[in-house]
Each structure stands twice: as structure tokens, then as C-alpha cells.
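J.: Next come the chains, spelled out residue by residue.
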Amino acid sequence: MDIREKTQIALALLFPAAPVTEGPVVAEGADQGTPPPREPGVVIQDFPRCGSHLDILCRPDQVVAVAQIMDTEGFFLESIAGVDWLEKQQLEVLYDYNRLGGEHCRVMVRTLVPRTEPVVPTISGVFPAANWHERETFDFYGVHFQNHPNLIRILLPEDADFHPLLKDFMP
Amino acid sequence: METSIWRALFYLVGIMAFAGLNAAYLGWCERKGAARIQRRIGPCEAGFAGLLQPLADGLKLMSKQLLVPQGVDGIIFRVAPVLAMIPAITSMVVIPFSGNIEARAMELSVLLLFALASLGMMAILLGGWASGNKYAIISSARAVSQNLAYEIPMLVTVITIVMISGSMNLREIALNQMGGFWHWNIFRLENGHFLTMWISFIIFFICSVAETNRAPFDMAEAESELVAGFMTEYGSMGFGLFMMGEYLNIVVGACLTTTLFLGGWDCPFGKTPGVWWFLIKIYMLIFTFIWIRWTYPRTQIYRLLNLSWKILIPFSLANLLITAALIKVF
Amino acid sequence: MTVPISLRHDETFVLNLGPQHPATHGVLRVILTLDGEYVVKAEPVLGYVHRMHEKLAEGGTFAQFMPNTARMDYLHALAFNHGWALVVEKAAGIEVPERAEYIRVITVELNRIASHLLWWAAFLLDLGGFTPLLYAFDDREKIIDLLERVTGSRLTYCYMRFGGVYNDIDDEFITGTRAFIKRLRSRMPRFYHDLVTHNIILIKRIKDIGIITPEQCRRYGATGPVARGSGISYDIRKNEPYSVYPEFDFDVPVFDECDSMARYMVRMHEMEQSLRIIEQALDKLPDGPVMGKAPKVLKPEAGYYYSAVETARGSLGYRLICDGGKNPYKLKLRSPTFSNLSLFGEVAEGMLLADALAFMGSLDLVIPEIDR
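Protein chains in written order, with our numbering: chain E, 1 to 171; chain C, 1001 to 1330; chain H, 2001 to 2372.
So that you can see chain E by itself, here it is in the shape it has in the complex (with noise of 0.2 Å):
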């Protein structure tokens, strides 16, 4: 069993009412600016496509229990990222994780929080990564991570009292 299947069934056990699909991630007819509907779970993903192997959207309170999954199955968390799905009034806060050395898998794990009150629990006490990349997310677009050690600005300057990312920021 390799890696990707390994990790697979060990995070399909978050989610015990979805079955794990296959597919892109993108349902036919989207509109342009909305997130795919979907439910929590575990989709498999054409990597040479989409360049990753898994794709896992999680509630926000689960991204702890799948940062210690990933941690435990020997996964570096790459990066964090935000995005912001204006028409629905949903952030976005995207994490990549990765192998170093070994067999490769690439997982992207997905968390939806509303626009006017995005709170994520940190996983800085799972990876330190985290913590540069979770100021990131915070000084991009205003998502609040609780329990953070040091959630402060980290590429704009201090005082600043805006989120520049935000589709609707006017400068």
C-alpha cells in the first residue's frame, strides 16, 4: 500500500459519512468566482493535472486532527494559503503538504470560513512552518488564527489596517 493509500484512509476516518471520490476540483458548471459545492472529504486527484494527489476540504475545527495526521504520516507542510471567494462570502485557507525524500504525495487540504468571521485554529503547535505562514495568511487577508503564538503582520508594515488580498480591498 503506498503512501498516497496509507494517508487516505487514515484522514477518509475524519470524515465517516463521505465516501472518497475521485475527480477534479470542479464541479461542471461552476460559475466564475464560486468554490465547487462539496461536502467534507476526500477526493482523489489526477496528479500530472492538478499537481497534487489528494484534496481534502475539512471543517475548520478538523484542520488540527488532519495537521497531526499529516504530521504523523511524515508530511512537511509546504505552504498556507488564502483565498477569497467573494460572491459567496467565503474565505478560503488552503494548506499544501508534502514529502521530503521517500515516496512522493502531495496533499491540499481545504478549509471554508465566512468572510465576516474567518477564525481557523492554528496547527503552529503541530508544524512551526505554520507560524510564519499563518502571519501570512493573517496579513493577506485577515484570517484570525487562534492560539497563535505571535499573530502579528508579518510583510506589511506593522500599523497597516488593511487586508490586501481581499477581492473587494479598495488601496
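These are calculated hints, taken from the structure and not from any lab test.
A hint or two may mislead.
[As the list claims (entries may be wrong)] A few chain E positions that, by computed beta-carbon distances, are all more than 10 Å from chain H:
(1) A65
(2) T72
(3) V113
(4) H144
[To be verified] Lysine-lysine pairs mimicking PhoX-like chemistry, simulated, CA-CA at most 25 Å apart:
(5) E:K6 <-> H:K2238
(6) E:K88 <-> H:K2299
(7) C:K1310 <-> H:K2204
(8) E:K167 <-> H:K2055
[Said to hold, decoys possible] Output of the computed footprint for chain E on chain H, the stretches with three or more beta carbons under 8 Å from beta carbons of chain E:
(9) 2046 to 2053
(10) 2217 to 2230
(11) 2298 to 2305
(12) 2333 to 2340
Think of the CB as a built atom: it goes at the ideal place given N, C-alpha and C, for glycine as much as any other residue.
Starting from the known structure of chain E, arrange chains C and H on it as the hints suggest.
T.: Here is chains C and H on its own, set in the frame of chain E:
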């Protein structure tokens, strides 16, 4: 004639001129030497082969504003660069350039030179402290611990020379080495001293490189870590004076090495001693200083101090004992 | 040399390795809390060169972002170009002709050598050896001249297009590159290894300094020579091959000592391996077009795409989210040096100031890449 006012004036002007020309043109030598080692040309625009470059640099430095930052200790800040120059120039009073050319032959000239060297070290400490800049203070602390550590083996090796020559007068020491290559202190053939003298020479040379704060021992002005070290807050002629003081220290170090180990103004073949041989020797030593600087990276402070305390001092002390034993036996 | 520190608050002082400093390779500020010369706490402060490239990407089309990619890591700009071209070609399904792939590899590897040469020069400058800078720049000038013939730029290349490269290479480039390979191979043992790598002062200065354990690498996401110097054999060109890298026979240097010396040796050997790749690519260079078919207005299918390339500093990732329009909806750049620098705070604790700077030099930082 010995005490004539004209003699004093002549030497005053002569030493100031020698010091000034050296301080200015050693900078040119260093830049050209560095350039050739780095496969480029160096100053070549100002005058023929860049010979007017030091003049241009001096004019530039003099025309800059003498900035005194707020919060520095006013008097010490202004005095420190001057204090860096004074020992270097004063040391030239006792150096025997040749049989006839020496400003004042003193019985304890070796002692005088080392006392003045310590004054120069104090100038670095004062300059760094008075700047009120953390980088400068770190650099001064490093410079003091380094200079202190390296003065000791230097003095111990000089004691061996003094024991062999029987005098602390630099002129006597040089006269003792007359007669050609094999009489020089570095190769002293008689009494078996040749076993130990070259070790003394190497230790003394390493210590001079460290005492003058030259790479690979230039922790005090480590450019890439401490910006400019104790000279960070100095601009214009303050900086100029520190740099000139550094070059003059190199000249004095080379003069001392030549007088103590390489026979002063003696010709290697024993034929025609004279001031030219002295000058050739010191400039060859200075060239070696420059060569070493541009070849090696910097050491770390604890390795630097280890080198002195754990290696050079035991070796120089052992050297002293062996020399004393040889003198006693033979 | 590290020493455990536990001190009262008033025995330490704060030194700002400020934005303007000869050794920080760009505008990086590190707030160091020092006890004498020992580092008690090191906190990098970023953002002095932040230009918000991710917003610029959303504001223009895919092609308009290509010049921006070079401005981030200007030392290995062609790899950043390559990564962007790869991710958009993945999203839009554009095919790249073989000759273009080979040319891409040759130019990227030449750029990698240039980047490592500059790192070597700057690293030694930090340590106080001024001369190697000039020797490295001599070789680097040859590479830059070669690449200027073909790409038109000396530093910030915008050479790749979606579907290939925009300019073909000519015979003079090929002969020039072969001559360069020969020249560098002959100079490496004398100028680089005899004078510098085997220099006792350098060895004492970087051996056993800045130990980064493999576990620390994983937890902080360090990749590239930083990870390979800690025994982790991860190189995207081998583990996740892209372009025509599977066709070449090259090694990935991995050293186990985890110190700055290991990272130094990794980069020196990588230069030799890049020379091998370029040689093989020149031998196998096929004929053909250098530009594939790409639509004038690019509107890739909506979805989430990721593509990673191996730059001189580590694994660069482009996370692209398209919504079917002609602008990217979201672009996230995963900068390798950002992750490499994040472990500086933890590893530099207890080090001497001079050692901390040597360690920072061995991480190979390019600040515009961190700040984007």
C-alpha cells in the same frame, strides 16, 4: 651637533614626512596589491597608475562634514583618532633607519615602543566606547581582548632577542647583526640559536599581524559583521586619522621586525649596509601583510584567542627557556 | 559553538542587524538579543522589499505576470520563469516542443551555476575573504554574457513563454557554453577548492556551525541545499521530475553532517552536476520548433493547480487557482527561502554573533524572494 636645534627640526620634519607619505601611499599600495590579487587593476585614473589617488582621497576626506553624533562623549570622541596616530608617529623616533639616521637612540627603546603600542590600543577602545554605538562597543571589546592576548607572546619573543643582544637599545640590536645574512637574528648561526630564532620570528610576525588588526585577525573592524567596527560613527578626517594610524602601525611593526630579526640596515651579503636595505626589507614585509590580508577569510574570536593563549604563549615561553639555556651553555 | 543561556533581563542588550547591513544579503532586519557576543534570541523581521506580487498576478493576465516572476529571486530568475510556465501550461493543457524543453533546461542550469557562484562569493565576503568574490564573478560574467545573447537580459530574465521559449539558441551559444563548461571545470579545483574549500580558516569557521537536524528541516519545511546538507535526499528534479530531467543522468549531492560545511559542499557539488546536465543536454539537443501552440488569450479551465520546480534555494511552488477567466483568480508563491529562514530563530539561539552570520550566509538568502 647631537643636540643642535637643526638636527631636531630636521628629524621632526623628516619623520612627519615619512609618516605622512607612508600613511597615504600605503593605502595606494594596498589597493593596487589587492586589485592584482583579485585580477583587476586598482586605482588607475587619478594620475599615472593612480598615484594621485591618495591625494584625491585625502582631499575628499577633508572636505567632508565632521559629523559628531548626538549622545557621544564629546571630548573622547574627538581625541580618540588623534590618540591613534600619536603612538605610531612617536615610535619612529627610536627606529634606526641606518647607522647615521636615527632621531634619538635610547637605551630602553624596545620598552618605549611596546608602551606606545598599548596607547594605540587604548585609542581603539576609547573611540569605540565614545561612539555610543553598540556595534562600536562590541568591536572595541573584541579589539582589546585580541590586542591584550597578542602582546604577550610578542613581548616574550622580544625578550629572547634582548637576551641574545644584551641590550634594549634598538641601535645596539641592529649593530649586533651586522655582517651579512648569517648574522641576522633570524638565522643566528652562533651558539645554536638558529634552532629557535626562526620560531621567534614566526611568532613575532603573527603577533604583529594581530596587533595591527589586519586580516585574518581583523575582528575589530569586521566589515561584514560590525559594519565598520569602532570606526562606524566616524566620518571625514576622524576616519582618515584612524586609517592612517592603522597603516603607520603596520610600518612601525615592519620596522621593528626588520630591526629585531632581519638585521636592520644590513645588506644580505655584508657589503654595503645602508638605509636602502632597511627600506627594502620593511616594504617586503608590508607586502606580505597585504598579501595575507587579501588571501584569507577572518577567524572567529575564540579561535583567535585560542591561537594566542593556547598555542603562541606556550611556544614562546618554551622558546625563551631554550634560548636562555643555549646562552647559558654556550 | 553554542552555549546554553539563561540570564536576567538586564544582562542582555538588543542589537539591530538592521535593514542596512553588509551581511544580510538584501533588506532583512534581524532583532538580536545578545549577551556579550552570544545570541539569546534572534527574530527576523521581513517585509522591507514587499511588492505584493500575488495581487499583481490577480490584476493582469497570465502572460503579464511572466516578468514579475524574475523579480522575485533575481539570481535564479529562469527557474521562476520555468515554474510559472509549467503551472500555466498544466492548467491550460499546452504542449511544449522538445527542443524548447531542452533549451529551458540548459538555460535554467546555467542560471543555477551563476546563482551558486554568487552565493559562494557573498558567503566568503561575509566571512572576511574579499578575493573569492572577484574570482567567482569572473566566471559568472561568462555565463551572463552567454545568456544575454539568447535571452536579452543579464539578470532578470523573461525568456520563457507558455508553450516554449521565445528565442532559439544559435551555434555560437552552443560553442560558448561548451567552452564555458571546460573553463569552469579547469578552474574549480584550483581557484575554488584549493584556495578556499581546503583553507583551514574557512573550515574552522563553518564546520559544526549551524546544525540543522533533519527533523527540524521537516518541521520548518526547509528544502533545497539546506535539507540536502542535513541528509535528506529531496530534489524535485529527481523526486517529482518535470520537463526533460528524466532524460539526464546526474547525481543529487547529499551530505549528512547537517552543518554549514555540508551545505557549502552540497552547493559546490551541485555546480558540477549542473555542468553534467548541460553537457548532456547539448549533446542530445533535438531540432524543431521552440514554441508550441498557445492561444492568444489564455483562459485555462477552472480548478486548483500546483507545480513545483527546484531552484538554487529549494523547492519553489506555484499554487494557482483559476476560475475560467483570463486573469488568475489566486496565485500563491511558495518561496523556498521563506521556509528556510523560518528556522533561523530556533537554530541561532546560543550561537556567537559571528557564527550566526556565517550560518545565515550558508542558508543562501535572497530577500526579495522572501518578501515577494
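J.: Please confirm whether E:T72 is truly not at the interface, meaning its C-beta sits more than 10 Å away from all C-beta atoms of chain H.
T.: Fine: 12 Å to the nearest Cβ keeps E:T72 off the interface.
J.: Between E:K167 and H:K2055, does the CA-CA distance stay at or below 25 Å?
T.: 9 Å, holds
J.: Tell me if the straight-line CA distance from E:K88 to H:K2299 falls inside 25 Å.
T.: 22 Å, holds
J.: E:V113: least C-beta distance to chain H exceeds 10 Å?
T.: Its Cβ never comes within 10 Å of chain H, the nearest being 16 Å, so this holds.
J.: Do three or more residues of the stretch 2046 to 2053 of chain H come closer than 8 Å to chain E, measuring C-beta to C-beta?
T.: holds (count 4)
J.: Check whether the Cα positions of C:K1310 and H:K2204 lie no farther apart than 25 Å.
T.: Since the Cα atoms of C:K1310 and H:K2204 sit roughly 16 Å apart, the hinted pair holds (cutoff 25 Å).
J.: Count the residues of the stretch 2298 to 2305 of chain H whose CB lies closer than 8 Å to any CB of chain E, then report whether that count reaches three.
T.: Our answer is that it holds, as 5 residues pass the Cβ test (under 8 Å) against chain E, meeting three.
J.: Just to make sure I understand the rule, a stretch counts as covered if three or more of its residues have a C-beta closer than 8 Å to a C-beta of the chain. Does the stretch 2333 to 2340 of chain H meet that for chain E?
T.: Result for this restraint: holds, n = 3.
J.: Counting residues of the stretch 2217 to 2230 of chain H whose CB is closer than 8 Å to a CB in chain E, do you get three or more?
T.: holds (count 7)
J.: Just double-check E:H144 for me: nearest Cβ-Cβ distance to chain H has to come out over 10 Å.
T.: 19 Å, holds
J.: Has the given pair, E:K6 with H:K2238, been kept, meaning a C-alpha gap of at most 25 Å?
T.: 23 Å, holds
J.: With d taken as the least Cβ-Cβ distance between E:A65 and chain H, does d exceed 10 Å?
T.: Since the minimum Cβ distance to chain H is about 18 Å, E:A65 lies beyond 10 Å and the statement holds.
Hint compliance for this structure: no hint is broken.
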